[in-house]
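Colleague: Sequence:
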Amino acid sequence: MKYLYIIVQLSTLMFGDYMQRCLQKIVNGEDLTATEAKKTLKYILHEATDAQIGAFLGALSVKGERVEEISGFVEGMLDEAVIIKPAIAGPLVDIVGTGGDRHNTINISTSAAIIAAAAGVPIAKHGNRAVTSLSGSADVLESLGVDLNCSPAEVKKCMESVGIGFLFAPYFHPAMKRVAPIRKELGFRSIFNLLGPLSNPTLASRQVVGVYDKALCKPFAQVLRKLGKERVLVVHGDGMDEISTLSETYVAELKDGVITTYEIKPEDLGFKRVSAPDIVGGTPEENATDIRYILQGEKGPKRDIVVANAAAAIYVADKASSLNEAARIAEKVIDNGKALEKLEELAHFTNSRGSNATCNKGESLRNEVCG
Numbered sequence: 001m002k003y004l005y006i007i008v009q010l011s012t013l014m015f016g017d018y019m020q021r022c023l024q025k026i027v028n029g030e031d032l033t034a035t036e037a038k039k040t041l042k043y044i045l046h047e048a049t050d051a052q053i054g055a056f057l058g059a060l061s062v063k064g065e066r067v068e069e070i071s072g073f074v075e076g077m078l079d080e081a082v083i084i085k086p087a088i089a090g091p092l093v094d095i096v097g098t099g100g101d102r103h104n105t106i107n108i109s110t111s112a113a114i115i116a117a118a119a120g121v122p123i124a125k126h127g128n129r130a131v132t133s134l135s136g137s138a139d140v141l142e143s144l145g146v147d148l149n150c151s152p153a154e155v156k157k158c159m160e161s162v163g164i165g166f167l168f169a170p171y172f173h174p175a176m177k178r179v180a181p182i183r184k185e186l187g188f189r190s191i192f193n194l195l196g197p198l199s200n201p202t203l204a205s206r207q208v209v210g211v212y213d214k215a216l217c218k219p220f221a222q223v224l225r226k227l228g229k230e231r232v233l234v235v236h237g238d239g240m241d242e243i244s245t246l247s248e249t250y251v252a253e254l255k256d257g258v259i260t261t262y263e264i265k266p267e268d269l270g271f272k273r274v275s276a277p278d279i280v281g282g283t284p285e286e287n288a289t290d291i292r293y294i295l296q297g298e299k300g301p302k303r304d305i306v307v308a309n310a311a312a313a314i315y316v317a318d319k320a321s322s323l324n325e326a327a328r329i330a331e332k333v334i335d336n337g338k339a340l341e342k343l344e345e346l347a348h349f350t351n352s353r354g355s356n357a358t359c360n361k362g363e364s365l366r367n368e369v370c371g
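Each residue of the sequence shown is one higher than the one before, counting from 1 in the numbering used here.
Keep in mind that the hints were calculated from the coordinates and are not lab data. Incorrect hints may have been included.
To be verified - For lysine-lysine, the following DSS-like pairs were computed, each having C-alpha atoms within a straight-line distance of at most 25 Å:
1. 63 with 42
2. 319 with 255
3. 39 with 177
4. 226 with 38
5. 265 with 218
6. 25 with 255
What the hints assert, rightly or not - Here are the computed distance ranges between Cβ atoms for each label pair:
7. 120 with 18: 47 to 55 Å
8. 318 with 348: 26 to 34 Å
9. 239 with 348: 32 to 40 Å
10. 292 with 214: 31 to 39 Å
11. 89 with 184: 37 to 45 Å
12. 29 with 325: 21 to 29 Å
13. 17 with 87: 42 to 50 Å
14. 185 with 46: 17 to 25 Å
15. 28 with 298: 55 to 63 Å
16. 47 with 332: 52 to 60 Å
17. 47 with 296: 45 to 53 Å
18. 17 with 275: 33 to 41 Å
Think of the CB as a built atom: it goes at the ideal place given N, C-alpha and C, for glycine as much as any other residue.
The task is simple: from the sequences and hints, build the whole structure.
Modeller: If you want it as structure tokens, here you go:
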């Protein structure tokens, strides 16, 4: 802490007056307003040096990120993003996790997204390659035959045609490449670890968000309420950023502007409790094989935990009145083959897309909207 304080003090000499004031507030244990945080992100992405960015992120991490600060960073991140607006009836849903739970399970939320889409939930799946695990959502989808190299306009068309699209983060948040190598070198979690699940480029109004720490559940729900979301489940289960079938899952639910917290048990969804080795994953190729088995109807602990999380997406989309009912819907679309068909539709569309897209990938995309 002492050394970090010295680094921050030295770094303020290199910052402009505005950044110096913000850093001093953080060092003094004061929180930034959302406006200050948003402005700070702009500075980080376009003006700050590596040393300045490291000092700021370190100081903020020591103080602890607050709701207003996270909200401001998310708003700034979305200002820099490529926003798409699919013409879809009904609310868009994202199901995503922060990562960082160190459990190395199969790709639960990615599998759940496919199943929820098969149940008629419009899915805007936002994700990236692995950072802390062996297999990220992008990695496993690639192994399942999905082409990630789709422009934002093509992803928009995919959601409109197939009912699900994958928003590969580097193509929608090109400005974030500025901080990627710095984050990797820092060696500790920073506010950027929290932003991905909160910054879906479709501005999806409903979300299921898994967090690596139970203490983040309510703050995340508060941030998402501040960002105007309609319905949200923020979940943490037994150390995982997922709904767990190992033990109880803590939930912060946002509905009608009100946040309520509660716990759910595996038995509430109709499942038996299992142990961690029962749901462990592997490489993207190994996880893809497991996912195909699940979608083909194979039963067992991996299917159960995927169904539990698909149920959450079905529930927030108002396709079911309870998580238990939603779980039965998820099981039905697996058993009747619709979930596997949905994966095949997604893979086929992304591999046979046309060349008439109106937006392209790359630096020129910042602040562009495909509507």
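Colleague: Please write out, lowest number first, the hints stated earlier that are contradicted by the structure.
Modeller: Hint check: 6, 12, 18 fail, others pass.
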